[in-house]
Structures are given as C-alpha cells and as structure tokens.
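Generate the whole structure from the sequences, applying the supplied hints.
One line per chain: the protein sequences are S and W, in this order. Each residue of the first sequence is one higher than the one before, starting from 1 at the first, in full-length UniProt numbering. Each residue of the second sequence is one higher than the one before, starting from 1 at the first, in full-length UniProt numbering.
Simulated from the structure, these hints should not be mistaken for lab results. As the structure is a prediction and not an experimental result, all values here were calculated from the model. A portion of the hints provided could be inaccurate.
[Stated by the list, open to error] Which residues of chain S face chain W? A partial, calculated answer using Cβ under 8 Å:
#, residue
1, Leu226
2, Pro298
3, Ala306
Every residue, glycine too, gets a C-beta built ideally from N, C-alpha and C.
Chain residues, written in single-letter form:
2 protein chains.
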Amino acid sequence: MTAPKPRIGIIGTGAIGGFYGVMLARAGYDVHFLLRSEYDAVVQNGLQINSAVHGSLHLDSVQAYCNVSDMPECDWVLVGAKSTSNFEMAPLIEGVAASNAKVVVLQNGLGVEDGLRNVLPDTLHLLGGLCFICVHRSALGVVEHQALGGVNLGYHSGPADSQEQQGLIEEGVAMFREAGVDSNAAANLNQARWQKLVWNMPYNGLSVLLRAGTAPLMANPDSRALVRSIMLEACGAAAACGHALPEGLVDRMMSSTDHMPDYLPSMYHDQAQGRPMELEAIYAAPLTAAAAAGFAMPKTEALYQALRFISARSVG
Amino acid sequence: MTAPKPRIGIIGTGAIGGFYGVMLARAGYDVHFLLRSEYDAVVQNGLQINSAVHGSLHLDSVQAYCNVSDMPECDWVLVGAKSTSNFEMAPLIEGVAASNAKVVVLQNGLGVEDGLRNVLPDTLHLLGGLCFICVHRSALGVVEHQALGGVNLGYHSGPADSQEQQGLIEEGVAMFREAGVDSNAAANLNQARWQKLVWNMPYNGLSVLLRAGTAPLMANPDSRALVRSIMLEACGAAAACGHALPEGLVDRMMSSTDHMPDYLPSMYHDQAQGRPMELEAIYAAPLTAAAAAGFAMPKTEALYQALRFISARSVG
Numbered sequence: 001m002t003a004p005k006p007r008i009g010i011i012g013t014g015a016i017g018g019f020y021g022v023m024l025a026r027a028g029y030d031v032h033f034l035l036r037s038e039y040d041a042v043v044q045n046g047l048q049i050n051s052a053v054h055g056s057l058h059l060d061s062v063q064a065y066c067n068v069s070d071m072p073e074c075d076w077v078l079v080g081a082k083s084t085s086n087f088e089m090a091p092l093i094e095g096v097a098a099s100n101a102k103v104v105v106l107q108n109g110l111g112v113e114d115g116l117r118n119v120l121p122d123t124l125h126l127l128g129g130l131c132f133i134c135v136h137r138s139a140l141g142v143v144e145h146q147a148l149g150g151v152n153l154g155y156h157s158g159p160a161d162s163q164e165q166q167g168l169i170e171e172g173v174a175m176f177r178e179a180g181v182d183s184n185a186a187a188n189l190n191q192a193r194w195q196k197l198v199w200n201m202p203y204n205g206l207s208v209l210l211r212a213g214t215a216p217l218m219a220n221p222d223s224r225a226l227v228r229s230i231m232l233e234a235c236g237a238a239a240a241c242g243h244a245l246p247e248g249l250v251d252r253m254m255s256s257t258d259h260m261p262d263y264l265p266s267m268y269h270d271q272a273q274g275r276p277m278e279l280e281a282i283y284a285a286p287l288t289a290a291a292a293a294g295f296a297m298p299k300t301e302a303l304y305q306a307l308r309f310i311s312a313r314s315v316g
Numbered sequence: 001m002t003a004p005k006p007r008i009g010i011i012g013t014g015a016i017g018g019f020y021g022v023m024l025a026r027a028g029y030d031v032h033f034l035l036r037s038e039y040d041a042v043v044q045n046g047l048q049i050n051s052a053v054h055g056s057l058h059l060d061s062v063q064a065y066c067n068v069s070d071m072p073e074c075d076w077v078l079v080g081a082k083s084t085s086n087f088e089m090a091p092l093i094e095g096v097a098a099s100n101a102k103v104v105v106l107q108n109g110l111g112v113e114d115g116l117r118n119v120l121p122d123t124l125h126l127l128g129g130l131c132f133i134c135v136h137r138s139a140l141g142v143v144e145h146q147a148l149g150g151v152n153l154g155y156h157s158g159p160a161d162s163q164e165q166q167g168l169i170e171e172g173v174a175m176f177r178e179a180g181v182d183s184n185a186a187a188n189l190n191q192a193r194w195q196k197l198v199w200n201m202p203y204n205g206l207s208v209l210l211r212a213g214t215a216p217l218m219a220n221p222d223s224r225a226l227v228r229s230i231m232l233e234a235c236g237a238a239a240a241c242g243h244a245l246p247e248g249l250v251d252r253m254m255s256s257t258d259h260m261p262d263y264l265p266s267m268y269h270d271q272a273q274g275r276p277m278e279l280e281a282i283y284a285a286p287l288t289a290a291a292a293a294g295f296a297m298p299k300t301e302a303l304y305q306a307l308r309f310i311s312a313r314s315v316g
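Spelled out as structure tokens, the structure:
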C-alpha cells in the first residue's frame, strides 16, 4: 500500500512555478496553480513548457484558480512569485497551506524567508529552494526551458526538530526527483543561498546594466573579468559571514556558464517589462551582511548602486 | 609700441576648439581653424556660440581650412581634437606649427601628451590645457556653452628650461585672459590632470552607462554615492602616484556640480554618436598608473570594464 501523494499548491505561476508545477503534475502529483494575469489563457490552453531538455511538455487540464479561497488545502506550497512581493504573498500562502504544510520559497537571494517567517503562522515549515535553471515566460501560459533544472532544498524554520527537518527535506527531494527534477539537500540553507548568489550577483545585474545575456558577457574579456571579480567578492563575503564556499567554485561556475546557451536572467526580463527588480534579496541583503562582517564588495556595490539608479528611473 | 599678437591655429574645431577659437578671435587674435566635416557650413555661416555666460557670440568670416598645407605657420597650436586621434593629429600639428611653437593639448585624461611627444619635433613646446567648461556641439558650426569656461595650463616638455617654461605658461595664461577666459598656471601638469580626472572619471563613464547627465546622477542618492566613491578612488590614486590633491576637493567638486546645469559630458555624446570614447586617457592610463603605485580603484575599474564592453559592442 502506497501513501497518497501529497497535494501541492503553486503560488506565483511564472516561469519557475509553471515549470516545476507541470513537472510535478505530469508525475502524478495533485497540483493546484494560483494565477493572476495568466488565468484565462491557462484555463483555455493549459500550460506549455518548451524544454530544450525534456522536449515539448503540455498540461492540458490545469487545476487553475484566481482566488486562493477556492483552492484546497495543500501539503506543500511552492512559492514561485518574486521576492519583491513576499509581503503580499503571505496571506495567499496561509490561505492554501494545510496546518503543518511545507512552504518552499523558490527564490534567489539572501533573507527571503526571514520576511515571510514574520508573517506566517509558526505551525508552517519554511524551506528554501535554490533553482539552478534557465527558464523564462515567452507568452501567457508558455514557459521556455533553456537548460539545467535542479532544485536544492534547505530547512529555514518551523516546528520541526533537526531530525524531522532532515526527514522533510528528504521528502521534498524525493518528490522533485520523482518528477524528473534533479534535487539535493542543502545542509546549510544560508551557505546554499550564498553559493547561488555567486552566480546571480554578476549575471543578474550586468544583464540589466549592459543589456546582454550570459554569452556576450562571457565572450568579452572585460565583462568576463568583471563577472569573475564579482563572483570572488561574493565568495569572500560568504566566507566572512561564516559560510565558506567550496574551493574552485568560481572556476566551475564560469565554466558551466560558458557551456550554457545564451541566457538572460530574470532580472533582465523584470526590468525590461517594467517589473520591480529583486535588488533587495540579491544585492542589498548580501551587501549588508558582508558589511556587518567587515568585508568590502566594492565592484558589487558599484553594480548595485547603478541598478538602484536604473530602478528609480524606471519607476519615476 | 605693442608686440604683434601671436597667430593661433586650432586643430580640431569641435566644441572645445570652436569655443576657445572664437573667444580668441573676438579678442583680436589671428585665429586659423582646421575643419573637416564642418568646413562648408562654417565657411557659409561662420561659427556660432550660444553661451549661457557670454550670450550669443558669432564669428562671421572664419579663417577656415580643410587642408593644413593651406594654413599659415602658427605660434600657438590648440589641439581640441579627441585624444583617441592624437596619433593622426601629429602631422597636422607639425604642418601648422612654427618652428618653436607652443602646442597646447586641450584634452582630458592622463598621458595624452606622451603619445604626441614621441611623434612631434623636439623644437616644439608641448603644454597641457585643462578645460573646466560645459560645451557641446548642437549643429555644424554651432556650439552650446552651458557653464564655466576656464583653462589651466601646464608645461609638459620641449626645449624650454624651467624659467622659460614659466614665461611660456604666463604668456598662454595672459592670452586666454585677454580673451575673457579664466586661466591659471598649473605648476604640476600631472597633478592638474589627476585633479581634472577626479571629475571626469565618475561623470563621463556614468553618463554613458546610466544614460544620464550630471543632474539626475547627483539627485539620486545611490548614483551620488557612486560618484563620490569614484572621486575618492581618483584622489587616493593621485596621492599614491605622488600627486596628492587639495584637502576637501571631492566636496567642492560635488558642490560645484550640484550648481551646474544638467550636463552630459563629451563621452556621452561620443558614444551616442558612434565615435570612440576616450577610455584610454580617462580610464586605462590612470588605472595603470594607480596599479603600478599599488593603489586599487575597484569601482572605477568596474566602470571601465563595463564601458569597454559597451565600446566593443558599439564597434562590433
């Protein structure tokens, strides 16, 4: 006798939420999607993933909602919305989460769980998910999956003791793996977040500042050197904050980016489409943590200051 | 009995050469202008300066040339062309310069005279001129003068001994002053160049990177802080190179920029119009000098790397 598969709620069905939701639904999980602007299109046409890895994936009859009050209680809640909207996400998460549900924040940056933790009930488990994936939305209900796809999970806070935390993470890892998604446990969530930042800090910001994807940024010797310096600043900051990263990480990240298709990170699309950029989670919080640990990140700070200028101009 | 006024040749009649040439010609100097793309327009319409300081200034019958071989020998040669074209300028300078003429390089950046020195005859005096002025061309033969206007002169190299150098600089200063241009002697040309760089290094590059003039860069707290950091890096580099700058310089430059009209530096116009940017003189040479003196300029270097990327993209 097999235990029933857990019920999964997707809050924020953008590229990330859409991709993982479709993968899990195709593996037989009971997945429910909260949508806003894409609701009508998804109800009519379903969700489409054009994947360079898995081919064309279509989810025909999507369990789609535009009101969280219509959704059933979910055991796992995957938050794919932008970290910039976490404060507004909290009531939606609470509205769909079963009493001791596992809430996974599939976002980049530092401190993204902290803000949510303050406004979510203590009974909910809060986890962080680091997505190593190249995806973007190309139309309503259509996600382009260019490369990679893994999710690493770490426990942030909640009612579980350390042994139970281990079990919950393993459960989540097994769930993703069953859906054909590479997944691993992150023993230290903060370290895992810093490690992901080593990639996001150079590419996200420079894609906006220089209006360029990873391929031209890596092909030009000057921007390539700048990428590398920012990665090294992030590694130094992580170590200063007590989360020393693996030896050789920068070289491996440079090399794996060289082998990726040209990729425009989410921050590029956010800025180009007039959405707020995730500057707080990806730049401000790590810079504050580094400064508190006495570590200077001058090139990263210069990039952040330039992005804040661009952000203010876009709004103003 | 008054000595005859010296004859002046202007090589590169852009905004800088046009402005100072017109001021000198209106003061009775015998000024000859070498022109390229603007020749026909200037012969037909003269040179026009729309000055926020001096009002509308017009020079009707311009002594204009498109071939240096048609020009008379000049006692002073003012080089207003871009530093990026100094190598091609040398034969033109030599063609118009009297045997022991004073050649004044009215350009920003470090090392701009060194390249010229190598290709000019030893008999020529080479001086540097630091222009504190907000000007740009708005049409063929038309210069907009927004603010300021001073020129500080320093001796670079040539046949003069130190006492003669002093005399030559005073002669040049007097000439500019007689034309209504504020002018002072720079005892140490390299120090004067570093001092000017403290202004150019932040504003020139950031105007390109952020597509913004001085006013928005100063109004936004993040770009303002970035401007200030880059100024402080330039001051630190100058000191490390043996040219300590006056106490309080950064505050005074920030304040005087606050009181300027919104100004787009020449690098902005160069990039917008597809001309090469003066990256070598304004960034590469100072960064190299600072590195040789063991002084790091990380934010300036990040800006330079970003500008090199933009420059390569514009060409490519």
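Evaluation of the provided hints:
1. Leu226: The hint holds - S:Leu226 has a Cβ within 8 Å of chain W, the shortest such distance being about 4 Å.
2. Pro298: holds, 4 Å
3. Ala306: holds, 6 Å
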